[in-house]
Amino acid sequence: MKSKGLQFLVTHHISWLQLLGFLFSNIIGLFIISLGVQLYQDLSALFYKEDSLAGNEYLVVTKKVHSLSTIGSVLGVGSYKRFSAGEIEQLTQLKGVKRVGAFQTARYQVIASISRSYGAEGMASLLSFESIPDSFLDITPSEWSFDPNAPSIPIIVPKDFLTLYNFSMAESQGLPQLSESIIQQIPIDFQLVGDNGRVLYLKGRVVGFTQRINAFIVPEPFLQWSNEQLSHNQEQAPSRLMIEVKPSELPTTTLAIRESGYEIAGDAQKSSQIIYLFRIALSVVLFIGLLISLLAFFLLMLSVYLIMVKNRERIQTLYLIGYTPKEVGRTYTSLIWGINLIAWIAVIVALLLVRYAYTSYWEVLNTSAFNGLSVLFTLVFVLLFSVLQTIFLRRKLISYWH
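Residue numbers (the numbering used here): 1 to 402.
Hints in this document: simulated from the structure, not taken from any laboratory. Keep in mind that a hint or two might mislead.
As the list claims (entries may be wrong) - The list that follows gives simulated cross-link-like pairs (lysine-lysine, PhoX-like), each with its CA atoms no further than 20 Å apart: (1) Lys64 / Lys81; (2) Lys246 / Lys98; (3) Lys310 / Lys396; (4) Lys326 / Lys396; (5) Lys203 / Lys95; (6) Lys95 / Lys81.
Remember, it's a predicted structure, so these values are computed and weren't measured experimentally.
Make a model of the complete structure from these sequences and hints.
Shown next, in the form of structure tokens:
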């Protein structure tokens, strides 16, 4: 009898259209929030994880070249364009910086030539050798070593240099275009002219191509050995640095480096802008989802409140015949929790379907495995809303009791 009376109370004056409107709004809001969380988790494999497609970012940092740099080069005073130990330490302490590597340059003249058997007229050019710790390289060829007893020079060449040769120099000068495999088979003669009057004639070969560094890279042991053989000048402070940065901190770190007065080579600015825009877009999506969910929350509260106002006399009558606020509120609570549970289940089903759809197209991005974080997040969200709605409901019923 009691159950039928309470059932009549709940079903009387209920606007099922309002409840459906709440359910629909709640599903949309929760779905946007859960999809935002899931997209963040999946795309983090692309932007933030060290073993992901994007990996850590590497920035090549130099000091700005201005008029004083030109004058200093003419006068032989270039220390101000080099990085001191204190400046390197400051860069190392920046947030997001994992490590800093210094470029070392050859302190001698390099003349590279190819014999007539490999070129119509033979070719020769001035080059400049540089080295960087091997851990900063994006490739490590098997021939990447140096033996002073049998000196031969392995070189890593920028891919941009090969592109420039094939599609600019080769076409304009009538030279043959060369693939990477062909270039690696061509022996190169190097004439190393030191400032101490000594000259070394060595053989060398291209052993790999780099997309990260725009320089002709040789092994560090070779550069140290050749500098000792050909130069009486002491080793100078580096003029270029390579900084390894966590992808998640790239925008902040890039801004800090530029504010310190340094220049950054390459497309690091574009990468930082992509990550920054990704964060903004995700924040906007989550905010919209949260806003819709809050509106749905207040819509349900308003619906329940209107039902209780219309049934105030009946509720008070039930109190007079022996019902307690807890017994009366149990039916309303069941309604609230039931609607929220239906919304949560619908959101999870829709989320799984949508994720299956976009991961099938994004297999190349190596998205992370589904671990249920978005499901747990929305469940906590639904439980929090349901608890708050229940508290509001009970307080209203208690006010009718008194």
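Original post:
Which numbered hints does this structure break?
Top reply: 5, 6
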